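**Student:** Starting from the known structure of chain Y, fit chain E onto it as the hints suggest.
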Amino acid sequence: MPASDQNNPEIWQDELQHVGFVRRLLMARKWYGADWWFVAISAVMVLGFIFVALFPDLIAPYGPDEIVGTSFLAPGAYPVVPVLLVRTDSTAQALMDLAVPENAERPAIGVIMGGPTATALREHAQEIDEQLTSGKTGLRLRPRIERYASLEELLNDVSSGKLQAGVVDLHEFEKLASRYPQLRTGDSITGETAAAGGFLMGTNEIGQDVFSRLIWGTRVAILVGFTSSILSLLAGLPLGLMAGYLGGTFDRLLSLVMDSLYAFPGLILAIAVTAVLGPSMYNVILAIAVLYVPTYYRIVRGQTLAVKEEVYIEAARSIGATRREILWRYIYPNVIPSVAIIFSVNVADAILTGAGLSFLGLGMPPTIADWGIDLARGQRFIQTAWWLITYPGLAIMLVVLAFTMMGEGLMEIYNPKLRER
Amino acid sequence: MSQEPLFSIRNLTVEYVTRAGVVKAAEDISFDIRRQEILGLVGESGCGKSTLGKALMRLHRPPARIAGGQLLFEGRDLMKLSEEQMCSIRGAEIGMVFQDPMTSLNPVQRIIEHLTETIHAHEPETTDEEARARAAALAEKLGIRAERLKEYPHQMSGGMRQRVMISLALALRAKLVIADEPTTSLDVIVEAKFLDLLRELRQEFGLTILLITHNIGVVAEVADRVAVMYAARLVEIGDVNEIFANSKHPYTQGLLRSVPNIELDGEPLYKMEGMPPNLLHPPAGCRFHPRCPFAMEICRRETPALETVGPDHQAACWLYHPAAAKSEQHG
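Note that the protein sequences, when read in sequence, are chains Y and E. The working numbering puts the first residue of the first sequence at 3, with every later residue one more than the last. The working numbering puts the first residue of the second sequence at 131, with every later residue one more than the last.
Treat the hints as calculated values from the structure; they're not laboratory data. It should be emphasised that the depicted structure is a prediction, and the values quoted were computed from it without experimental measurement. Hints are supplied without guarantee of correctness; some may be wrong.
Simulated DEER-style distance windows between Cβ atoms [unchecked claim]:
| no. | chain 1 | residue 1 | chain 2 | residue 2 | range |
| --- | --- | --- | --- | --- | --- |
| 1 | Y | F23 | E | A263 | 47 to 53 angstroms |
| 2 | Y | G249 | E | P420 | 35 to 41 angstroms |
| 3 | Y | P267 | E | A263 | 56 to 62 angstroms |
Chain Y is faced by these chain E residues, among others (derived, beta-carbon under 10 angstroms) [what the hints assert, rightly or not]:
| no. | residue |
| --- | --- |
| 4 | N141 |
| 5 | S234 |
| 6 | E247 |
| 7 | M295 |
| 8 | L436 |
| 9 | V439 |
One-sided excerpt, in silico: chain E residues whose CB lies under 10 angstroms from chain Y [unchecked claim]:
| no. | residue |
| --- | --- |
| 10 | P192 |
| 11 | E213 |
| 12 | I219 |
| 13 | F228 |
| 14 | Q229 |
| 15 | T233 |
| 16 | N236 |
| 17 | D258 |
| 18 | L298 |
| 19 | E334 |
By construction, the Cβ of each residue, glycine as well, lies at the ideal position given by its N, Cα and C atoms.
Just chain Y, with the same shape it has in the complex:
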């Protein structure tokens, strides 16, 4: 077709248009000085959080409400279980077995200086001694307590026979047990036997695993964030479209309502709504959804007002498009990209607000594993157990950061006004 080619000076330029998605992604350059990989990283993080939220049981070692160990275990720490330590040829099993007649030589028992094991030995030896005295058995337990600075010295002296026995922390001994085959442990002298420990993020005040609760809490955070954002989107988008396109009294009235909602401090409004509705997950979702409807409404209405004045809308009318066609085929697709970006940032906001509500005791019922609740519970012990609030706090921060970064990054890629060429 030579005639049309002649009219067409742009054939070689066609090649310039063949730029794929990946290339376009690479072309999105700066985001407040950071590079496109902000989007990649945040997308991976977001996907990760969603995965965790969908399959918490795959990752969390325990259930959200399971009591798995002693309370207030620091991350990685084991509870101290003071056990009797004797040579394998000894018959002693408990502290009581070391009791001797009144005039016999007092047994020598080694402990680590100043540790919880020394306290436990002193207290329990005295307790047993009092029982023996009052029971008129003729036996006494008044051990000669030898204090050691290091576990190895203690173990050496027990195995050499210098000491009858030692009282050591079970977990500490187990680390060195292979080097001392001639030693064995007896019973726990306190009766405390739970040795579970080494939790990644420690345990809380009732002995639940902080890490497991964190994982299960992701489910709540993502659920609240997404459902409330979707609900506000479903309300805000059509209302914004209608108000922007129809204009007039409808627009005025709706904008008045939305602006009043928007002018309210967000958390206070959510507090008011949940205070009226009562604490439950659905009420939190509803409260947050109400809170963010104006965000979508304003964005969509503003975009609609701008798009409606574009020449292509008038051109659409000139080819006989009806109002409904113009709204759904011309205005809606041109408005939706900015909504998608708002959505991501909005999810982050909703998670933050949901956690805030729970923190104030107005959100989830306290039985649910939720970051906000964990924060609220942990803040009472902030001076003794830093891990109770640090990890949920970090989790909230990371989720919010991931969603916000993804939203802003996408805006950078898809908004040509921000894109540098």
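**Tutor:** Below, chain E without anything else, positioned relative to chain Y:
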């Protein structure tokens, strides 16, 4: 080209209701658009050309409104049709090409979708394949290669987009295309090609074109007849050769003299005195009288009507009204 009118505009008045008052952007306009002609509508910025063009399709939006008049398109009065009936006429029978091709296509739709959607909107029974085939055939005629149809508007140049706009109007064989300054944002080479295209399409499709422009050179090049607007009124209408060779209205004369011309030979270019009037408070009588070198007493009092002043040539000016000229001589 026949003498039979396709579209008769009778006493059309379009006004903008503003806070400062009612502005009549087109007042008491009557003219015919004849079948298969290219009618050029010229006038300076703000004289109401575009308002008139949109009102012809009832595309005006508030605060604009049609205050009165008839729009007789093939005998039907468009003013009496409902909005739905107008929708079925827009695109199918009357198409429009806008000034800025850069913004007159939906940025999120492919070119082919623009075309098929137009076809579907008016002929819902057409299958998708048929619509696509028709669109491709039409685009081919307009010099748009088939593989470019799957592109988005931002991937095309201004000239190409203007072709797409025209093809939208032609997709349903519109009888009349209202082109509102279609070449204003194009460079002269693309403009020339586009004007050639208009002429070819008129031949091939039997198209009638209303070409709204402020560029009198464009009109001279393609139009069969010319209508001249000044301050919301039609002041002169007639055959293009007649108007250019023998213009009657002082405004048209001034307009033609102020176009740069190779025969100027060093003389300074003519500059019309004064400014177009404020349409909120238009001057009484002939709107042009404050600037008219031949203004008479009657021009300040009475509004002139269009009078036949030559073969296929009408002008609204008291100078050519025998009674008025006489009264002036006596006075």
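**Student:** It remains to establish, for every hint, whether it holds in the given structure.
**Tutor:** Hint check results:
no., hint, verdict
1, F23/Y x A263/E: 47 to 53 angstroms, "violated, 30 angstroms"
2, G249/Y x P420/E: 35 to 41 angstroms, "holds, 39 angstroms"
3, P267/Y x A263/E: 56 to 62 angstroms, "holds, 60 angstroms"
4, N141, "violated, 24 angstroms"
5, S234, "holds, 4 angstroms"
6, E247, "holds, 7 angstroms"
7, M295, "holds, 7 angstroms"
8, L436, "violated, 28 angstroms"
9, V439, "violated, 35 angstroms"
10, P192, "holds, 9 angstroms"
11, E213, "holds, 8 angstroms"
12, I219, "holds, 7 angstroms"
13, F228, "holds, 5 angstroms"
14, Q229, "holds, 8 angstroms"
15, T233, "holds, 4 angstroms"
16, N236, "holds, 5 angstroms"
17, D258, "violated, 15 angstroms"
18, L298, "holds, 5 angstroms"
19, E334, "violated, 13 angstroms"
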